[in-house]
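> The primary structure of each chain is shown beneath.
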Amino acid sequence: MAPVTYSQASRVYAKGTLPAVDALDLDIRDGEFMVLVGPSGSGKTTALRMLAGLEPLDGGRIDIGGKDISTVPPKDRDIAMVFQNYALYPSKTVAENMGFALKMRHVPKAERDVKVREAAKLLDLDPGLLERKPKQLSGGQRQRVAMGRAIVREPKVFLMDEPLSNLDAKLRVQTRGQIAELQRRLGITTVYVTHDQVEAMTMGDRVAVLSGGRLQQCGTPRELYDNPVNEFVAGFIGSPAMNLRTVPLTEGGVRLAGATLPLHAGIPAGVTEVVVGIRPEHLRLTTKDNPGKPNGSSRLLSGDVILVEELGADALLHVRLSDGGDPVVARAEGRKPPAPGEQVTLGVDPADVFVFHPETGARIAG
Amino acid sequence: MTATSPPARAATAPARSRVEPGAVARKSVLTVVAWVVGIAIFLPVLWMVVTAFKPESAAETWPPKFTFSPTLAEFQLVFHGMGPYIENSAMATIFSTILVLILGLPAAYALSVRPVKRWRDGLFFFISTKMLPIVAAIGPLYVIALKTHLLDNIWLLVLLYAAMNLPLAIWMLRSFMLEVPGETLEAARLDGAGRIREITEVIMPVVAPGLVSTALICVIFAWNELFLAINLTTTTAATLPMFLISSVPQEGLYIALLSAAATVASVPVIIVGWIAQRSLVRGLSMGAIK
Numbered sequence: 001m002a003p004v005t006y007s008q009a010s011r012v013y014a015k016g017t018l019p020a021v022d023a024l025d026l027d028i029r030d031g032e033f034m035v036l037v038g039p040s041g042s043g044k045t046t047a048l049r050m051l052a053g054l055e056p057l058d059g060g061r062i063d064i065g066g067k068d069i070s071t072v073p074p075k076d077r078d079i080a081m082v083f084q085n086y087a088l089y090p091s092k093t094v095a096e097n098m099g100f101a102l103k104m105r106h107v108p109k110a111e112r113d114v115k116v117r118e119a120a121k122l123l124d125l126d127p128g129l130l131e132r133k134p135k136q137l138s139g140g141q142r143q144r145v146a147m148g149r150a151i152v153r154e155p156k157v158f159l160m161d162e163p164l165s166n167l168d169a170k171l172r173v174q175t176r177g178q179i180a181e182l183q184r185r186l187g188i189t190t191v192y193v194t195h196d197q198v199e200a201m202t203m204g205d206r207v208a209v210l211s212g213g214r215l216q217q218c219g220t221p222r223e224l225y226d227n228p229v230n231e232f233v234a235g236f237i238g239s240p241a242m243n244l245r246t247v248p249l250t251e252g253g254v255r256l257a258g259a260t261l262p263l264h265a266g267i268p269a270g271v272t273e274v275v276v277g278i279r280p281e282h283l284r285l286t287t288k289d290n291p292g293k294p295n296g297s298s299r300l301l302s303g304d305v306i307l308v309e310e311l312g313a314d315a316l317l318h319v320r321l322s323d324g325g326d327p328v329v330a331r332a333e334g335r336k337p338p339a340p341g342e343q344v345t346l347g348v349d350p351a352d353v354f355v356f357h358p359e360t361g362a363r364i365a366g
Numbered sequence: 001m002t003a004t005s006p007p008a009r010a011a012t013a014p015a016r017s018r019v020e021p022g023a024v025a026r027k028s029v030l031t032v033v034a035w036v037v038g039i040a041i042f043l044p045v046l047w048m049v050v051t052a053f054k055p056e057s058a059a060e061t062w063p064p065k066f067t068f069s070p071t072l073a074e075f076q077l078v079f080h081g082m083g084p085y086i087e088n089s090a091m092a093t094i095f096s097t098i099l100v101l102i103l104g105l106p107a108a109y110a111l112s113v114r115p116v117k118r119w120r121d122g123l124f125f126f127i128s129t130k131m132l133p134i135v136a137a138i139g140p141l142y143v144i145a146l147k148t149h150l151l152d153n154i155w156l157l158v159l160l161y162a163a164m165n166l167p168l169a170i171w172m173l174r175s176f177m178l179e180v181p182g183e184t185l186e187a188a189r190l191d192g193a194g195r196i197r198e199i200t201e202v203i204m205p206v207v208a209p210g211l212v213s214t215a216l217i218c219v220i221f222a223w224n225e226l227f228l229a230i231n232l233t234t235t236t237a238a239t240l241p242m243f244l245i246s247s248v249p250q251e252g253l254y255i256a257l258l259s260a261a262a263t264v265a266s267v268p269v270i271i272v273g274w275i276a277q278r279s280l281v282r283g284l285s286m287g288a289i290k
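If you read the sequences in order, they're chains A and B. The first sequence: position 187 = 187 (this note's numbering), numbered continuously. The second sequence: position 51 = 51 (this note's numbering), numbered continuously.
Any given hint might turn out to be false.
Said to hold, decoys possible - The calculated lysine-lysine pairs, modelled on DSSO-like cross-linking and capped at a C-alpha distance of 27 angstroms, are:
| hint | chain 1 | residue 1 | chain 2 | residue 2 |
| --- | --- | --- | --- | --- |
| 1 | A | Lys75 | B | Lys27 |
| 2 | A | Lys109 | A | Lys156 |
| 3 | A | Lys92 | A | Lys135 |
| 4 | A | Lys170 | A | Lys156 |
| 5 | B | Lys117 | A | Lys15 |
| 6 | A | Lys133 | A | Lys103 |
These are calculated hints, taken from the structure and not from any lab test. Note that this is a predicted model, so its numbers are computed, not measured.
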C-alpha cells in the first residue's frame, strides 16, 4: 500500500527567485495513475524529482505509504523512475540494465534472470534482445527496456518523466495505451509527468494541472474538462483549446458578436468585463437546412470562415466573428464543411459558456 | 554513421563527376599542397632513419650519397650503451603516468560529475600552472632537489613529470566524464548504486577510452621530456633524450650514430601515437565541440 502525499512541498532553486514548486499539496491514492501536466517551467518535473529524491525539499514534506521520506536517499525510497531519455547504461546489455537495481540489492543471479525475463515478457520484449547493448536497439525498444528496468524492481511507486516524448507520433499513441494498461494490471501507484494534455487526459486516473510552480486543479480528466476552476485549466485542457475572449459586461449578461449571453448570478461587484470561454464543440454551425437543436435559449453568433482544417470525421472552422478580434474555432461535421470566406452562423447555449475573472482568472460563473 | 555513409557516397559520386571543372581543379590543387606539406614534414624523419643505416663515413658526405651498403653497426653501438637510459625513461614514464591517473581521476570527478564549490576556479588553477615557463621554476626546483638529496634520482623525475602532465590530464578526463549523461547517473542513484558503484559501473565504462588516450598522451610527453632531465640528473637517473645528446662526441663523425639513437628513441612514441591517434583526436576535441 503506497499512497503518496505532498504537503506544502516547495523547491526554490536559487535564493531570491520564484519557487519552482510552490507549496504543493497533492494526495495520490494507492494504485492510482496520477498525471502531472503543465507547460514547460510549470514545476511538474521538479515535483517528480522531489519525489524521486533527486531534488531536495526547501519546505514541506513528502510521504510515501504514510512515511515521511523527505530526507531519505533515493535508493531507499523504493521507487523506480523512467527517464525522458531512458538513461540506459550504455556499456551494459539489456538484461544487465534491467537487472542492475536487483544486483545492487544482492539478489542472486538466477533470481535476477527470472525477473528480467518475466518483465521482458510483460513488455513484449523479444528475449533475443536481452543480450544486446542499448545502442543496438530502436527508440521504441529502448523505451521498453527503460520501462522494464522500473518494473523488475517491483517498487512502491513508478515515476515517469515524459517517457514517450522521444517516440514518433504513431508509436507514442500505441505505447500510451500499453503503459496505461500495464499500470492498471500491476496496480502500482504511478506519477507520470507530461506536457501533452492529450496524454494526460487519456492515461491518468486523475490529472494535476500545474502552472508557475502552483497546483491549479486536480481531478479526473472529465472533471477538468467539464469543470475547470480557472482560465488556465480551461485553456490548457482540451484540443483544440477553448475559445477565450475578454468581453464587457452589459445589462443582462455579456455582449459577443451582436448577441447577448445571459449570465448566472455571482459576478463580483466592481467587475466591468469578464473572460468568456466556449469549447469548440459548443459552437454549433447553424444553416438554413440545419437550424441546430430546437433550443429556445440558444444564441446566434455570425462571422466569416477564414480557415477550414479538415480532420476527416470532423472539421475545425476558424471563424472571425462579426465584432472582430481573434478568430474562434468551432467543431463542425467533416463531410460538408463551409468553404473559407463563407458567412456562417454559430449557435451557442448560454449554459455552455464559462466565465472567468479578468484579473485572477478564477471561474466566476457558467 | 558508418552504416549510412556508403550509400550516400554512392549517390553523390556520379553527380560529382559531372560538376564543373573548377571544383576538380581546386580539389587537385589541394591534393598537391597536402602531399607537398606531408612530404616536407616526413622527409627529415625518413632521412634520419636512412642515415641510421649508413656507415659513419657515408653519412656526412656532400652531396649526400643515396647508394650505400646498409649496416647495423650504428644500432649495435646505440644498443650497447643505451640500456640504463631506457630503463630510466621507462620508469619515469610509467610511474609518472600511473601517478597522474591516480590523482587525475578523482580531481576530474570532482570537477565534472559532482562539481565542488568554485570548480571553475579549480579548473583555472590547474591550467594556470602551465602558464609559467618551466625555466622560471628550474632554479628553485634545483635547490629543493639538492636539499632533499633527490638530485639525479629517478623518483624526482617521476614526481615532476606527474606534476607536468597532471593539468592536461585533468582537463582531458573531465571532458570525458562530462560525456556521461546526468540522467544515467541519476538512474544509477535510484537503482541503489553508491559512490563506488557509480564510478565503477557507470562512469568508468564510458570514460575508459578517454582514460587510455589520456595515459598515452602522458606517456608521450614524459618519454620526450629533456629540459628537467638535463638539469636535474647527470648519470644514474639520465633518460633516453639525454643519451641522444651524449651520443654527440667532442670530435669525429657522429651523424649516423645520432640518427640511429634518435630512431630508437622515436619508435615507442610513434607506436603509442599510432595506437592513440583516434581516441586522441576525440579526447582533445571533446568539450570543444560539445
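> Of the numbered hints stated previously, which ones are contradicted by the structure, given in increasing order?
Those not satisfied are hints 1, 4.
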